[in-house]
Each structure stands twice: as C-alpha cells, then as structure tokens.
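Peer 1: Single-letter residue listing:
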Amino acid sequence: MKKAYHDFQGEGIQIIGVSRDISRIQAKSASYPFFYIQEAYEEAANRFRAPRHQSAFYLFSAQGILLHSGLLGVRYETHLKKILNSCIRNKRFTAQDLFPRQANLSNEPWHLRLEEILHPSKEYHLGAFFNAFCDACQSGRILSFMKDVTRINPSQWGCFIVFKDDLGEQDIENFRSQMKVDFPLVASSREFKSKWESLADEYSESELNEIVVIVDHQGNIIESFGSNENLLKDIRKFIFSERHSESTS
Amino acid sequence: MRIAKLSLIFFLAAYPFFSTSQGSSKGANDQYLRERRKIFSKLKTWMENQHAGRIYPLQRLSRIPAEQASESKGIHLKGVISLAQNEAGGLILADTILNQVVVLDTSGAPLRSIGRAGQGPGELMQPSRAFCGAGLIYVFELGNMRVQTFEENGRARGGFRLYKTYSAIERAKSGQFYAIPAIRESQDTPLIDKLSEKGQLLNSFGTCLAFSSDLREKSLDNAASLSAGEGGELWVAFKHYPIVRMYASDGKLMSEFSIRHPIMADQSAINRRGEKIPTGQRAPARIVVTNAARYWNGKLYVLRTHPCLEIAEIDPRGEITGLYYWAEDFAYTSLDFLVVRRSGRIEFRVMNIKEQKVDIFN
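Protein sequence lines, in the order shown, are assigned to chains A and B.
Position 200 of the first sequence, counted from 1, bears residue number 200 in the numbering used here, the numbering being contiguous throughout.
Position 153 of the second sequence, counted from 1, bears residue number 153 in the numbering used here, the numbering being contiguous throughout.
Keep in mind the hints are simulated off the structure, nothing from the lab.
Treat the numbers as computed from the prediction; the structure is a model and nothing was measured.
Heads up, a few of these hints could be off.
Away from chain B, derived, C-beta distances all over 10 Å, residues of chain A [as the list claims (entries may be wrong)]:
no. : residue
1   : ARG52
2   : HIS111
3   : ASN174
Simulated pairs of lysine-lysine, DSSO-like, Cα-Cα distance not exceeding 27 Å [as the list claims (entries may be wrong)]:
no. : chain 1 : residue 1 : chain 2 : residue 2
4   : B       : LYS218    : A       : LYS180
5   : B       : LYS218    : A       : LYS147
6   : B       : LYS198    : A       : LYS193
C-beta: ideal position from N, C-alpha, C; glycine also.
So here's chain B without its partners, still in its complex pose (with noise of 0.2 Å):
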C-alpha cells in the first residue's frame, strides 16, 4: 500500500444550513423553549384581550411525506424551503440541497422530480422557489443566477439568467416577475425589479426603509416577502418590521401600514436598535419577524414562527381579521405556506423546514 503523502479531511455538514434548533446544547435549548413560552403566553393574553372570537387552534391533519416510511410513497426531501401550487392543486417543491423539483399530485403522490445538480439546461443548483403558470414551471436557481421553466413533464423550456442578486423573487399571473435586489449599490437603489417574462429589467420602483445609512443594513432592514395579488398587485411584507405595502402593477404604492401586535412590535425595536441575536452556527442574525407572505382571497396572510406557528389573516386595511396558530413546536420553522379554500374550510399548507415536512393544517 502507498503511503499518503496528503491527507484531506472532508466534514459534511451535519445539518441543513437553515436548521437553527439542533446541535445546541441542552441548556441552551432548555433556556430557548423558557423563552418561547413566556412570549407565547404574552401573545395568548393579547389574542384573547383583542381578538376574541378571530381565534382560531390550528390542527394538524396531516403530512407530507407521511411520518411512516411505508406512507410516504417515496418523496425524499432535504432543503425544501417553498411551496408552490400547479393549477390541478398539485404541490410542487424546490429542494435546494438535492437540487430537484419535485412535483406531487393532489394527494401528495409523487408524479415526477425535475432537474439535477448542475448548471446545464435542465440543470438544477440550488432551486430556491418555483411558480407555476400557463402549465408551466419556472424554477428559480440561486446557484445558477436564473430562471429556468420546465413544462409539467419534466422537459426544460428555457429560461433567462439574471445578474443581480435577489433576496425574493414573485411571479404575477402576467408572466412578469417582481424580485428585490440583495445587493444595494447606493443609498437610492428602489425597492423592487420589475422583469418581463424573459428577465428584461422593465422598471424599478418603491422607496427603501431607510432605517440604516450602512448599505449591508439596509439591504437587511429591506429584505422582504412578495406575493402578487390578481389583478396584479404586490403585497410586500416586511421580514425585519411588520411593514406591508401593496404597489399596483405599475410600482404606484397604493397601500402601507403596520401590522399592530405586540411580538412583531418588540421585535421590530430590537431590529431598529441594530441589534443581533446569536444563532448558535452562524453569525449572528437579525429576528426574522414576518416569516412569509400569501395575498388570498381578498385578504393577506402572515406566517410566524416565534413563539410558535402563527399566521395572522390581515385585510387590505391592515386590521387583523382572524389569528390561526399552532402551539405545539416552539421550534417551528418556516419560510412558506399556501392558502387553500378545501369542503368550505380555509387550510394552510405549511413547509415545516426543520422536519421537510409540508403540514397540512385547518
């Protein structure tokens, strides 16, 4: 045998690089759930003092895959973070570690995976979100810097690089995609890219917070959730300050307000105060206070995760129309769901991302 002249030690990541529960020690996860409780009971007492009868215990119904191997038909996920809806119902799932699309049938089966690790057509590196339209899927890759579509069979159709970094990105019914810059090259660098189908820079458009004058902190202080309503409008949701805004389609701001409840509040000051809280793995970040955003049916919908699954039903004049949550994981992460109207019952399709589960609860 040759003696090695080198040696190279590879560590694989233990975790996903959004798990932010596991590998900390038990002290400190004991300390984490005190935490939560506290704030949960804070957040009961205002639910029940100002929304009574707008409150509504989410149950879990069921998941997908199902927790028994022998239930869960062979879909295998590991860096789900989005969901997204074909116009038959069938869920469609980025998984941006195995670098595949998975599509699902109305019943969770599995109908195909799209795509593969790589860079070429029909490649996949890091597919963050997908959307669908015209019985097509469009997958954003943050890998590849693109958007790349896919008809439903799994055959790539195409698709337009992008050369900017965006922290989110939305496709409208139109065709065209709304995306927010990560990267702020001056102090007046606007909100929102609106691009064409083919990923041409049509118009930028709505005014930063402008909390910070460091442009990496105001990068942070804008980072936000898109979702386009039918007629076109974009919901903007704020991820650091419970700030929604709705632009028409052609960037006139038509709507702002806050969202009033004493969490986000508190959280938002600690944002505003520049301050980080530690992660355990990486550095320190700041308290994400709105999760994710769905405009549906006339109303908006906030997803939480802190204390615990909360999603706010919020109309179009920003007074909380109805409180759904779920208090049975402090440790629920999310960063997207959908709103589905399913035998009369609103139901919500949430992407737990510690478990890569999608939850199914009304």
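Okay, chain A solo, but in the shape it has when bound (with noise of 0.2 Å):
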C-alpha cells in the first residue's frame, strides 16, 4: 500500500485498505494517508466478492469504473507494480527497450564476453536474461524450451542464460547439477546490470525478468522477445518461420 501509494501519488492515487485487524497497517502508516474500513470488513468483502484467504486489490477510476483487479502477489515490485504501470500510464516495458534488433551483445550496455556465451559452431544462440529464476514459473519453462531447441538441432542451435546477480562458483555449480544444464551460464557485467535495475525500478522486476534473445554467431541480435504469457508461442513461430526453418526442420 505505502509503496503504490509514493509510486502513484503524482498520479491522484487514493488507497483505501479494508481489513478485518487494520491495526498492524496502522502502525505502519505514519508516512503515507490511507483510508481504511474494518467494522464493514464483511460486508464490503461480500460486496467485491473478495477471497478470504489472499490479499486481493481493485483498482477505480475517479468515474467509479473498474480498471482492474486481481490478487496481490508476494511482492509489489514484481507484480503490482507492473499492472499500475499499465492501467494507470499506460506504460509497458518491451524487449527492444533494452535489447533493439541488430546491436550486438559485445557493446554497451552489455558488455558480455562472446566467446564465454556463443559455441564457435552454432549459426544461432537462444540466450536467456533471468533476474531470478524457479522451474515452476516461466523461467523454467524457458529452460525446459531451451533444452528441446538444442536436443533438437544441436549442429545450429545453442543456448546461453544470463543472471542478473553475481553467481559464486557454488551457485553456478548448483544451477547446473539441479537443472541438468550443460549451456554457458554467465552472470551480467556490472554496467548491464545497473542498466537492468533502473529500468526494473522504473517499469517492474518481473517485465525485466525472463527475457529472452536470439541472437547469430557474431552475437548480433536478431529478435528480442520480453517477458509475457506468450513468450514460448512467439519465439516458437519466429524459430519456426521461414527465415530460420532451414535450420531447425
């Protein structure tokens, strides 16, 4: 709540809490107005048809309107954060942002050392950009992908993952063992990853999380693909098109 409210404030926001306890968000709220409803806290559940069991948020136009609505995930930066972005200034972070079409990966921001992430052989390397990683969400299921595209075509194809945070031996070591990765994993040079985080502060984490690029055997990119519920359908077609079907049919 603190956090959508200093991040939108410019913007008009009003933040209304309902709870059944609202003392424990009382007390954190010296620094930010909220208004809040506690006696009502069945009734107006009833009314919005709130789950009882997670947090949930319903965001209003000034009309009364409902522009969206949703559950509150773990955390605001990686999920809130995002959906006010787009419903409130109607600004949505896209792959090209950061990765445009033909700038190479050696260059700024980058600065990635080509020849720890592209095998000599391979005409085309799938290389994924992950600020955190879990087999149960789409950063697995890019690994799961990535693995098929290499089992598939391994004389074209290869693949290369960049981490965002700094990874010790141990930590590469353990990606590695756990998930059955045989590819370069590298972790991004400091000026990319100051570059990474401010524009995760100012979008969200999560549209900077899971991005995934393609990129030819001088390290050139090809197409950039950002993170949505689409992703593996959209690189899917774009390796499948005629362009690239030569190399993976």
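Hey, can you piece these two chains together into the complex? The hints should help.
Peer 2: Below, the structure is given as structure tokens:
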C-alpha cells in the first residue's frame, strides 16, 4: 500500500485498506495517508466478492469504473507495480527497449564476452536473461524450451543464460546440477546490471525478468522477446518461421 | 483537499492461507462436524476391534504460547506450519507470514527471533521449515527459494539457492538434504533429489507413484513427508496414499509398505479416483491422508487430522504398534510435530496451525 502510494501519488491515487484487523497497517501508516474499513469488512468483502484467504486489489477510476482487479502477489515490485504502470500510465516495457535488433551483445550496455556465451560452430543462439529463476515459473519453461531446441538441432542452435546477479561458483554448480544444464551460464557485467536494475525500477521487476534473445553467430541480436504469457509461443513461431526453418526442420 | 483520480482498494486476507474451517457458513460447518463424528465413530470401532491394548487417548498438557496473554511471554505466531528442535531441546518455529524464525528455550520462553522480511542475507521470505544441526539453524525459504544458515545467536552464515521448487525438504544428520521436486518435467523424473550441504545435486532416486499419466496429477500423487533416520536412511510417507517407503542413504529402496487403516484406505480410494474435495475458499484439493511423519527411536510416527488428531506408531515392518488420538477438536489442523521422551513417557509436540500454538500432548 505504501509503495503504491509513493509511486503513484503524482497521478492522484487514493489508497483504501479493507481488513479485519487494521491495527498492524495503522502502525506502519505514518508516512502515507490512507482510508480504511474495518468494521464493515464482511459486508465489503461480500460485495466485492473478495477472497478471504488471499489479499486482493481493485483499481477504480474517478468515475467509479473498475480498471483492474486481481490477487496480490508476494512482492509489489514483481506484480502490482507492473499492473499499475500499465493501467495508470499506459507504460509497458518491451524487450526492444533493452535489446534492439542488430545490436551486438559485446557492446554497451551488455558488455558480454561472446567467447564465453557463444559456441563457434552454432549458427544461432537462444539467450535468456533472468533476474530470478524457478522451475515452476515461466523461467523454468524457458529453460525446458532451450533444452528442447538444443536437443532437436544441436548442430545449429546453442543456448546461454545471463543472470542479473553475481553468481558464485557454487551457485553456478548448483544451477547446473539441479537443473541439468550444460550450456554457458554467466553473470551480467556491472554496467548491465545497473542498467537492468534502473529499468526494473522504472517499470517492474517481472517485466525485466525472463527476456529471451535470438542472436547470430557473431552475437548480433536478431530478435528479442519480453516476458509475457505468449513468450514461448512467440519464440517458437519466430524460430519455425520461414527464415529459420532450414536450420530447425 | 485534492480529489482522487484513482482509488486503489486493498482487501487484506482475513485468514491465513492454510486455515480451512474459518469463514465457512454455520450450516456447512455443522455438516462438516457431523461427518467428522461419523468417521470418528468408525475409527474408534476399528481401533477397539483391531488394536485393543495399543490405544492411547492423548491429554493436552500445555500450549506454547500459553492461552492467557499474560503467560504467552510475548510470542506472536501467525504462519508457523513446522517445528524443529535444537540440540538443547528448545523449539525453532519458522513463520511463513511474519517472515521470521522464533527460537524458544526448553520451557517455551522466547530467546530470540531471527530474520525479517526481505531477500538479502539474513532476511527471509516465507520460511516454511527449519532444521538444526552442528549448532546452526538451517531455514528453508519457499519465497526466496534457498536454504539459509544462521548461528543460534541469529547471525546469518550464508546458505545456498534452490532453483527447483521442492514440496518437501529434510536434512539428514550428515548435513545433506533430501527434497521432493514439486514439478515433474517428465514421466521418469525421480521421486527424491539428494543435495549436498552446499546445495549441489548429488543424485536423484526413487520411482514415483504412477497412478496418473498427467504430470500435474503425478506431482500431487507424489507429494510426501520426509523424515531422516539416525543412520541416514530416509522415510517417505506419501501425503495422499497410506504408502511408506524407506530408502538407504545411497537411494536404494529398502522397504515399502501400506499402512492398514480403514479411514486412510477410504481417503486413498477417493484420491485414486481423481476426485477432489471442495475447500470453500480455494481450488478443490486432494484429501490429505498423511499430514506428517517423523521417524524416532526405531519407530515411524504418522500424524493425521482426519477425523481428529491421530498419531499412529508404526514399526519398520509396517505394523501399527500404537494409536494415539485426541478427539476434542474435529477441526484440528497440523502439518508437523515432534516426538520426544519426557519423564519416561512419549510426548508429542504438535503444531496446531489453525490456532498457531504448539500443543504438548502425552
């Protein structure tokens, strides 16, 4: 609530908290104004059909039109911020903002060492940029897809993963062993990490996670794909398009 | 006063995610209790007919924190689902909602709380289980997907990241971890991962129950409680079936048996048919046949809460050697417990999830 207020107070946002026990929120409310409903919790929850076992949010316009509603995720930065940015500011991150076509990954802002991530005999590479990974999430599905691509056409396709954070040797070893990965895993350069974080701050962490690029054998970006529910479908469509069908069929 | 252009309304969850009985209508609750009483009657008849002389009604001796606020010693618990015990006999409680670990002394008085919400070193997100060993506390965080190590004084000592989602994790005395992957990539994904004390996957072993060909259903079929024995062996009690396995530390299957119990058999049959039960608040779920299992002193103890709190003591061949029960609350909910010996008697310390108290029974 506090973060939403601070990020969007310029847009005239009003925060209303509805809870059975508002005391813990009140204790933290000194730095931002908000209205609260406590006594009429049940009535309000019934009217909104709000779930009782998971927190939820409802965004209304000044005219009382419901703009968006949903369940609250664990972290504001990865979940609600993206929705508010999109609904209130019509602002969405696209992968091309960070990975424009034709740019080379060895250049600014990425400063990746191509010899560490590209296999000299492969024509194309799929590269994934993760600031967080879990096998149950889209990042896990991307990894499975990468494994499939290298299994189906190992002679022409290679893969690599870039993690935002510094990974120690043990972290990399753990990732390799737990996820059974045999392609390059690298940490981002300091400059790129800084750029990555500033964009995550401007947009949201979830939009800056799970970005996939297709690069040629010289590290030039052919296409980039941002995190969305159609990500894998989009990549598959692109890879199996006419342009690349020779290398994957 | 500025006129608001937008209103953002937050409905903050009324109940913890694991509560099952609150919020339901009175009629539904009455029906639920009637059904539980009926099942209890069947359970009691079976116990008396089949296990006379091995039935032990439990008495609740005390609770931590105590009922009276004046005696609760300032302990505030909100989302504790598991228990651990340190070498001194004190309790370690990981709170998934308050994002902290509470260390209690042997009398149940708080010594300290460790961690605060966050992602950095020493910070916690959804800590769901703690383990003790070598004077350290190991905390499994669901939210941050890692195992973090703390000294007993609360100082963070590092840890390791987990990239796989695990539905259950256990630490053996050797320092290695056993874990059950929650996501099954393929039909032949093994049941258990064994990780080094630094998180490296050492090997995977065990064949999964194959009641369903659907990978998501298969993950549910293979949810289990884990308990490591003194010799490094691993006991696996499946959550939705009365099946127990014991693996040697190298992953070799040493034994497998089914617990002969009429209520577990009924519930298991429903799960086998793929039927789900409505939960009132969330998606329909499987019936939990085994809530928790602990291997202690040569016996496996299996905790259930349907229809009431019941702990079956089982020998390594699968024979029931004791049945402990407490039928004063048919809505009792627990996912973890400890078995200790106190003054020559077995004592159970059961995490009462609904009321957020550790109940001490003997």
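Peer 1: If a hint holds in the structure, say so; if it doesn't, say that too.
Peer 2: Hints, verified against the model:
1. Residue placement check: A:ARG52 does not keep its beta carbon more than 10 Å from all beta carbons of chain B (closest about 4 Å).
2. Listed as a non-interface residue, A:HIS111 keeps its Cβ farther than 10 Å from every Cβ of chain B; the least gap is roughly 24 Å.
3. In this structure A:ASN174 is not separated from chain B by more than 10 Å, as the shortest Cβ-Cβ distance comes to only about 4 Å.
4. Annotation: proposed proximity of B:LYS218 to A:LYS180 holds, straight-line Cα distance about 21 Å (limit 27 Å).
5. Of the supplied pair hints, the one linking B:LYS218 and A:LYS147 holds, its CA atoms being roughly 22 Å apart against a limit of 27 Å.
6. For the given pair, B:LYS198 sits about 26 Å from A:LYS193 by alpha-carbon distance, which is consistent with the 27 Å threshold.
Hints 1, 3 from the list above are not met by this structure, while the remaining hints are.
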